[in-house]
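**Student:** The task is simple: from the sequences and hints, build the whole structure.
This is what each chain is made of:
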Amino acid sequence: MIEIKNLTKNYGKGESRFKALDNVSVCIKDGEFVVILGASGSGKSTFLNVISGLETIDSGSVAYDGRQLEAMNEKELTKFRRENTAYIFQQYYLLPHLTVEKNIKLGAELDNNKDFFPLIEAIGLAEKRKKFPAELSGGEQQRVAIARALAKNPKVLFLDEPTGALDESTGRLVLDYIIQLQANRGFTMIMVTHNANIAETADRIIRMNSGKIVGITENTHKKTAYEIGW
Amino acid sequence: MIVSLKDSVKLFGISIMTCCAVTVCNLFLNYYLDLAAVAHLIDNPAAQKFYDAQLMTAKVVCAVSGGCLAATTVVMLFFYIKHYIDSHSREIGVLKALGYSDLKIAKGFFVFGASVLVGCLAGCLLSFILMPRFYELQNADGYLPDMAIRVHWTLLVFLVLLPASVFGLIAVGYSVLKLNQPCVNLLKGIVKTKGKSRDSKDKKSFLEDMRSSTLRSRKTLVFFIVFSSFCFSSMIQMSASMKDLASNMMGLMIFIIGVVLAFTTLYIAVSSVIRSNQKNITMMRVFGYDSADCKRSVLDGYRPAAYIGFVLGSVYQYALLKVMVSIVFADIEGMPDYKFDFPICFITLGVFIVVYEGIMFAYGQSMKKIPLKQIMSE
Ligand SMILES: Nc1ncnc2c1ncn2[C@@H]1O[C@H](COP(=O)(O)OP(=O)(O)O)[C@@H](O)[C@H]1O
Ligand SMILES: [Mg+2]
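Residue numbers (the working numbering), protein chains in the order written: chain A, 135 to 364; chain B, 1065 to 1442.
Hints were generated in silico from the structure; no laboratory data involved. Certain hints may be false.
[Unchecked claim] Simulated pairs of lysine to any residue, SDA-like, Cα-Cα distance not exceeding 20 Å:
hint, chain 1, residue 1, chain 2, residue 2
1, B, K1252, A, G272
2, B, K1252, A, S271
3, B, K1343, A, Q225
4, B, K1433, A, L211
5, B, K1433, A, G146
6, B, K1437, A, E210
7, B, K1432, A, N207
8, B, K1252, A, L300
9, A, K213, B, K1359
10, B, K1437, A, T142
11, A, K264, B, R1280
12, B, K1386, B, C1409
13, B, K1252, A, A268
14, B, K1267, A, G272
**Tutor:** Okay, structure coming up:
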């Protein structure tokens, strides 16, 4: 369980000080699929980065099963990330001079996972595993990024607009992969999006505006990636 | 035009390199010309031998240091141009798409010659500052007629204007070659990758893969690392021997040049590796690799190159001094015999290990400071 209490994050100093997160509190259950929904600039990415330990916490607390992030030093945070989290970004950030297979190894090795070939098959890239990222389409690159993240068997997967750079049909395909993998493996998944349609695939929707949570809804009519509008 | 004079300021490595080369060359060539002018005043065979040896030394020193440094400067120039084109590939791609010819874009790279101009001018200035002391020491031997410093303006042409324009032209020529690639590749920022790495054994761990591909993707940097430790090793050991063979001043000069060149090239190489791998390092850290892992995969691949450079430097300085002593100064009496100086070599090696590993460690620590958020802000 992830307990987030009174979380605040400021950028800048003095006059230009800006509250990107304003007293945010929420609880996320294990195995839950949560979507953070909000307009551009509402603080979604900041929220994701802070609760995943990529950014420091100004005040408030984030606790994973009682272990507090804000109390960890750099070394402990690294260990925490290594053992618990994985990330998928809008820009795929694959390592350009390594092949698909070796990019996935980046994740796999952190969990001593030698058996990651099924994962490459699962994302449908078995034939392209010797190719370099620049030789793949955007959707394929994002699938590699998914495999890279899942190869380390994370307990929590963070996604920041994972389909933001993709066209509709590729976007649906990628989203479907993600949702299916989550359903099968049961990890916790927190996804940021500005697209209200995409939010309908989640268990729970957290709405954000100006750095605040403005609403949390249980989604009783979960849809698949192919049922939603785009 | 996309390349501006400001960009050529970033080429300070070239300025430093050419400054060192011109300092040495101007010092010795100026001396050489002044020496040649007093040739008719020499009246005894002993002085004649000494005169010949001095003339030969000036030639050898200029050829070796000038040649070496000029060659390295060319490599460095190529490196900067390639780096510039890679990091501005989108802008350049747009220009090409709009119909600019390769040559038209490449012409802009002529300003890279400015860094050479600056370096050469600084070198000339420095050598004229050093010259009085240098002549004083040479005159002190008393074998040859006393010489006064004369300024040879032709040297300024050959050591300043000529190199600057030649390097400017080389820059244009090389960038024409580099720009000759499909527009789409430039726009997409596709870097050519060698097919070989695809088939490498899959037994290697990710960090090892990362290390070897980092090495492969930046081969010029291997050269720089070798050059850096080569300079460090050869010039420091040489300067120690110089104290006995020539003068303290020569020793000190070589020492300073060696240290400056070594640190400049090392800095250029390592900061470039880190800059170009910044996203990769961030990504690794986001996934939970620690900074030691990142350092191992990005920097440790260069270690063999560094130590090979050290060995080459030791051998080179031994060979050079041996040749000087046994051939150039063969007939001069009272020249001490030259043997490889093991204690100095080991001391230099010790210092080298501490300095090199220390710097690498510091760079490794600096990877901790790259904010993880940075990766998202593009
Ligand atoms: N490093 C930063 N420095 C200053 N302001 C920032 C920084 N990062 C984000 N912000 C600001 O914080 C607000 C929220 O940003 P972000 O979390 O990226 O929004 P979202 O992901 O919802 O589009 C924005 O107004 C943005 O300008
Ligand atoms: Mg965002």
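**Student:** Is the hinted pair B:K1252 and A:A268 satisfied, with a Cα-Cα distance of at most 20 Å?
**Tutor:** Since the Cα atoms of B:K1252 and A:A268 sit roughly 8 Å apart, the hinted pair holds (cutoff 20 Å).
**Student:** Under the criterion that the straight-line Cα-Cα distance not exceed 20 Å, is the pair B:K1437, A:E210 satisfied?
**Tutor:** holds, 18 Å
**Student:** Is the hinted pair B:K1252 and A:L300 satisfied, with a Cα-Cα distance of at most 20 Å?
**Tutor:** OK: B:K1252 and A:L300 at ~16 Å, within 20 Å.
**Student:** For the pair supplied as a hint, B:K1252 and A:G272, confirm whether the alpha-carbon distance does not exceed 20 Å.
**Tutor:** Holds, at roughly 12 Å.
**Student:** Can you confirm whether the C-alpha distance between A:K264 and B:R1280 stays at or below 20 Å?
**Tutor:** holds, 17 Å
**Student:** With the threshold set at 20 Å, check whether the alpha-carbon distance from B:K1252 to A:S271 stays at or below it.
**Tutor:** holds, 12 Å
**Student:** Given the hinted pair B:K1433 and A:L211, is their Cα-Cα distance within 20 Å?
**Tutor:** Distance ~14 Å between B:K1433 and A:L211 Cα, so the pair holds.
**Student:** Hint check: B:K1437 vs A:T142, CA-CA at most 20 Å. Holds or violated?
**Tutor:** Between B:K1437 and A:T142 the Cα gap is close to 17 Å, so the pair holds against 20 Å.
**Student:** Would you mind confirming whether the straight-line C-alpha gap from B:K1386 to B:C1409 stays at or under 20 Å?
**Tutor:** holds, 16 Å
**Student:** Can the restraint linking B:K1433 and A:G146 be considered satisfied, given a maximum Cα separation of 20 Å?
**Tutor:** holds, 18 Å
**Student:** Assess, step by step, whether the Cα of A:K213 is no farther than 20 Å from the Cα of B:K1359, and give holds or violated.
**Tutor:** holds, 17 Å
**Student:** Has the given pair, B:K1343 with A:Q225, been kept, meaning a C-alpha gap of at most 20 Å?
**Tutor:** Distance of about 11 Å is within 20 Å: holds.
In the structure shown, a violation is registered for the earlier hint numbered 14 alone.
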